[in-house]
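Join the two chains, each given in its own frame, into one complex according to the hints.
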Amino acid sequence: MTTEFRGPELVRDDDLTRELRSIYAAPTEGAWWAGLEQRINARIDAAVAADEWWTVPDRWLRVGLMAAGFAVIVAGAMVLRSQTQQATRMAYQTIVDPATIDLLEVAERDKLTPQQITLRALTGR
Amino acid sequence: MTAAATAERSTGLVPPRARVVAERPADERALVLAAQRGEREAFSELVRTHERRAYAVARAIVVNHEDAEDAVQEAFLHAYRALHRFLPDQAFGAWLHRIVANAALDITRRRKVRDADELPETVASPFRDPAESSELRQRLKDALDSLPARQRAVIVLHDVEGFKHAEIGVTLGIPEGTARSDLHYARSHLREVLGSVRSEL
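Chains as they are written, first to last, in our numbering: chain F, 1 to 125; chain B, 1 to 201.
Chain B on its own, in the form it takes in the complex (with noise of 0.2 angstroms):
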C-alpha cells in the first residue's frame, strides 16, 4: 500500500472513485455491443452503471446541481446517438466521461452568455446545496465559481472525485502538464480564500 493511499485511509478522504470501479460490471463490453445492436434496455444498464460519474464530472465543471443534470441527460443522449462510432474495446467510461464533460462546457458557455443578459433569478430545487449551511462554505463555493471552469474541473475531478492527471487530460481534451497545472493554481487560489476566510471566522 503506498503512502498515500495509507494516508487517505487514515484520514477518512478514499476517492469515491476507488468504489464505483470495484462495482463495475465485467460484462460491460457484452452491453455496449448489445446497444450498438440497439437493444434499448442494454443502454438503460449502461445509463445505471455509469449515472453517478457521469454527474460527477459534470458536477465538477458546472455551477450548480440543476446544470449538472442537464449535461448528463444531454451526454448521455449523444452517447446513444453516437454509439455506432464507439469501439467496444475502448473504456466506455473515458468516452462518456469526455462527453458529458463536452455537454457540461457547453451548458458553462451557454449559462454566460445568458448570465451577461439576463439578471439573476433564483430556482427552486428539490436537492439543497449542502454548500449553502455556512459562511466558510459559501466563501469557497464562491471563490470556486470565480475560477475559470477547466481548473474547477480540474481540482473537483482530481481532490473530490480521484481522477488521475492523465484521467483529467483525457476526460477534458487537454496535455496532462496542463491539468497539474490547473491544480496547482486552483489549489493554491482555493487555499488563500480557505486561510482568509478561517481568520476572519
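If we strip away everything but chain F, and leave its shape as in the complex, we get (with noise of 0.2 angstroms):
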C-alpha cells in the first residue's frame, strides 16, 4: 500500500511564495553566517574534547580490565586452596579424634558393618 497523491496538484501562487519567502528569509548579514559558522565550530570542538575526556580512561579501560580478570582468577584460586586446606584439615581432625578412635576400637571387636559405623558416629552411641 502506498501514499502516493495521484490528485491534481495545484499550480504555485505567486502572491503566496511571495509572502513565503518573506516569512522564511534567511539573515543577509555576513557577519551572522560568520557568527554561525563559528558557533557550529565551537561547539563539534567542545563535543571532541568531551569525548577526548572520555577516551583517555578508555585507553586505560583495557588495563584495568586485564588487572580485574586477573585479580578474579587468583581470589579464585585462594578460595579453592582455602576450600582444600579446610576439607584436609577437617579429615586429619576426623582421624585423630579420641571418640572416631574409640568407634573404630568398637567396630572392630563387634565386627560392625559400615552402616553401623556411620549409625553409631552419628546418635554418639
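Read the hints as simulated data drawn from the structure, not as lab findings.
Just so you know, these numbers come straight off a predicted model, no measurement behind them.
Heads up, some of the hints might be wrong.
Claimed, not checked - Label-pair restraints from in silico Cβ distances:
(1) B:86 x F:83: 50 to 60 angstroms
(2) B:89 x F:14: 22 to 32 angstroms
(3) F:69 x B:166: 50 to 60 angstroms
Think of the CB as a built atom: it goes at the ideal place given N, C-alpha and C, for glycine as much as any other residue.
In C-alpha cells:
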C-alpha cells in the first residue's frame, strides 16, 4: 500500500510564494553567517574535547579490565586453596578425634558393618 | 528554457537554490575525504559551504529562527561524528539535509512537549523576523504554524527553496507522492487563509 498522491496538483501561487519567501527569509548579514560558522565549530570542538575526556580512561580501561580479570583468577585460586586446606584439616581432625578412634576399636571388636559404624558415629552411642 | 523557468524569471521568483548549486565547489569530494582523515579545517570549509542550505532546510521545519539555528548546530555536530560512515561518492548535501531535517523534527517534537507543559515565553532575538511586519504576514505565519510540520516543510522547501519533489522525499524520508500531496494540501490551506485575509483587509 502506497501513499502516493495522484490527484491534481495546485499550481504555484506567486503571491503566496512571495509572502512565504518573505516570512522565511534567511538572515542576510555576512557577519551572522560567520558567527553561525564559529558557533558550529565551537560546538564541535567542545564535543570533541568531551569525547577525548572519555577516551583517555578508555585506554586505561583495557589495562583495568586485564588487572581485574587477573585479580578474579587469583582470588578464585585462593578460595579454592583455602577450601582444600579446610577439607584436609577436617579429615585429619576426624581421624585423630579420640571418639573416632574409640569407635574404630569398637567396630573391630564387635565386627560392625560400615552402616552400623556410621549410625553409631552419628548418634554418639 | 522551460515555461516554468521563463515564468520564474519574469516574476523574479528564481529559487535561491539555483544560485547555491552553481556556487558549489567542485572539490567537495576532496574536502569530505580530508575531513574524514580528521582535518578540522576541511570540515569547517564544508560548514561554510553548506550552512545556508542547512539553515533553509531547518527553518522550513521548525517554527522560529532560534530553533533553526539550534537544529543546524546539532546537525553539523551529528554529521561530524557520523562522517566516517559517509560514502564520499554520494552527495554530501543530500546526506547533510537529511540529518538537518531529522534534527529539526526532533526539536519540533521536543518543543511540542515543552509547550504543552509551559506558558509561552517571549525570547529576545537579534534577528527580527520579517513576518512580524504586517497583519497579513502574521496571519499567514499563524496558518503556517497550524500546519503539520511535514506539510509546512514541504511547501517551504518546494516554493521557497526550490527543492524538487524527489529531493524533498529524500530530505524528509517520505515517498515522492507524499511530498506532492503534502504540497497540495499545504498550498490549498494557505491560499484559503490568504484569500480570507485579503477579503477582510
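Hints and how they fare:
Distance hint check: the CB atoms of residue 86 of chain B and residue 83 of chain F are about 57 angstroms apart, consistent with the given range 50 to 60 angstroms. For residue 89 of chain B and residue 14 of chain F, the hinted distance range of 22 to 32 angstroms is not satisfied, since their beta carbons lie about 39 angstroms from each other. Residue 69 of chain F and residue 166 of chain B have their C-beta atoms about 54 angstroms apart, which keeps the hinted 50 to 60 angstroms range intact.
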